[in-house]
Each structure stands twice: as structure tokens, then as C-alpha cells.
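The residues making up each chain are set out below.
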Amino acid sequence: DTGVSQDPRHKITKRGQNVTFRCDPISEHNRLYWYRQTLGQGPEFLTYFQNEAQLEKSRLLSDRFSAERPKGSFSTLEIQRTEQGDSAMYLCASRPRTLEETQYFGPGTRLLVL
Amino acid sequence: AQKITQTQPGMFVQEKEAVTLDCTYDTSDPSYGLFWYKQPSSGEMIFLIYQGSYDQQNATEGRYSLNFQKARKSANLVISASQLGDSAMYFCAMRERGTNAGKSTFGDGTTLTVKP
Numbered sequence: 001d002t003g004v005s006q007d008p009r010h011k012i013t014k015r016g017q018n019v020t021f022r023c024d025p026i027s028e029h030n031r032l033y034w035y036r037q038t039l040g041q042g043p044e045f046l047t048y049f050q051n052e053a054q055l056e057k058s059r060l061l062s063d064r065f066s067a068e069r070p071k072g073s074f075s076t077l078e079i080q081r082t083e084q085g086d087s088a089m090y091l092c093a094s095r096p097r098t099l100e101e102t103q104y105f106g107p108g109t110r111l112l113v114l
Numbered sequence: 115a116q117k118i119t120q121t122q123p124g125m126f127v128q129e130k131e132a133v134t135l136d137c138t139y140d141t142s143d144p145s146y147g148l149f150w151y152k153q154p155s156s157g158e159m160i161f162l163i164y165q166g167s168y169d170q171q172n173a174t175e176g177r178y179s180l181n182f183q184k185a186r187k188s189a190n191l192v193i194s195a196s197q198l199g200d201s202a203m204y205f206c207a208m209r210e211r212g213t214n215a216g217k218s219t220f221g222d223g224t225t226l227t228v229k230p
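Those sequence lines, one after another, are chains A and B.
Residue 34 in the numbering used here sits at position 34 of the first sequence, with consecutive numbering throughout.
Add 114 to the 1-based position in the second sequence for the numbering used here, that's all there is to it.
Heads up, some of the hints might be wrong.
Stated by the list, open to error - Stretch by stretch, here's where chain B covers chain A in the computed footprint (C-beta under 8 Å, at least three residues):
no., segment
1, 24-31
2, 70-80
To be verified - In the DSS-like style, the derived pairs of lysine-lysine whose C-alpha atoms are separated by at most 30 Å in a straight line are:
no., chain 1, residue 1, chain 2, residue 2
3, A, K71, A, K57
4, B, K187, A, K57
5, B, K117, A, K57
6, A, K71, A, K11
7, B, K117, B, K184
8, B, K130, B, K187
The set of hints was computed from the structure by calculation and includes no laboratory data.
Glycine residues also receive a C-beta, built at the ideal position from the N, C-alpha and C atoms.
With the sequences and hints as input, model every part of the structure.
Encoded structure:
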């Protein structure tokens, strides 16, 4: 396993369209996180999965955002009716059970909403 | 609520010199972990070093060391013998152990530029 992968790497869409991003974590990692990063800022937590269960969602995650992790493997993040303010880098990270372990980040999906 | 503050938006250092990047944090959880990440212009987040709140010694990883002052709630990153490839954005992050999520809170980062 070579690490966390994300697809697509870049996405340009028009305002009002729906987009879906995919994250494939490191296979033995049961914890998966989504973050959003805007230019000049650090990543902000969006949501967290432990196996297939979505255990926490940030208040940043409006009703237009939904995330799934069927069967506790890959995860998808969908944004409905995109807005220009959704333009950002969306980062996925995974980690094993031990709290001392760092999160391993994917390369991110850069979204531009026109 | 946990919070991370990085007060240096940008730093410059001469190649082969050492540089310190500042990080202060705020938490009410007595058990937590502190992390530093490097983010080059390509965008990937690269883990550098970890410090646990109960660790007695400062963490070191090659040219990276963490100056951990628990009473001051600071966790500064020291990079020794800077290299041109160290030019990047650096983020300090904290994860509390008291929550199931173990999500990390990040600072807004410091842009480091290494001059030849």
C-alpha cells in the first residue's frame, strides 16, 4: 500500500453543480478524516469515520455536504449545489487506532467553483 | 475548545542555519499530542515530528526537534542546518486524547523561505 489516495486531484465546476470526491485510506487504518483547507490557512476538520460509522461532523459541514464510508473502506464526500465559497483543497487523512500515530494525508482534491 | 496559534506568517533563514518556528496551544485536556507537518507547494501534508503531553523529553527526528514547554503551552519546531528543500509551509497541530474522534486542530501555518 503506497498511502492515502484521492480522486480527482483537481475539479472545476460551475456554481450549482454537484461534485463527489473519493478517498482511499491506507488499508489497515480504521479511522478516516476529511478536512478543508483554504488558501493561507490550516486544514479545518469536516468529518470523521471510525470504520463505516460517521462519528463526528463539524458545524462547517452544511446540509449541502454529505460523506459516506460504506463497508469501512473508501470514503466519498459529496457537495450539492456548489457555491463559490466551497472552492478549497479537500484533504483526506487516515490513521490507525493508536492516538500517538499521526494522520497520513492524501494529496488532496483542489476544487474551483466558477 | 482547543486552539493552535502560529504567530509568524513568514520566516526567512539562511541555508545551513537553524530556525525556530513558534507554536502555542490552548487546551483543557491534560492528555494530548502535538504534531508538526510540512506542506510544500505541491500540497501534500508531510508529518515531521510528534510530542506527547506526558513525554518527559523533547522529541527529535533527524534535523527536526520540538522545544516543548508545557507550562507555557508552547511547542516550537527547531530545524537545524536548513536546506533549500525546507522552503515550505509548516503547520502545528494538536490532538486531544479525551475525544473519540482524535481530530486534529491546526494553526494557520508559517511560510519558511530558505535563502541560498
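Verification of the supplied hints:
1. 24-31: violated (count 1)
2. 70-80: Result for this restraint: violated, n = 0.
3. A:K71 with A:K57: holds, 19 Å
4. B:K187 with A:K57: Cα-Cα ~27 Å, so holds.
5. B:K117 with A:K57: OK: K117 (chain B) and K57 (chain A) at ~18 Å, within 30 Å.
6. A:K71 with A:K11: Distance ~26 Å between K71 (chain A) and K11 (chain A) Cα, so the pair holds.
7. B:K117 with B:K184: holds, 15 Å
8. B:K130 with B:K187: holds, 29 Å
Figure legend: structure checked against the earlier numbered hints; hints not met, in rising order: 1, 2.
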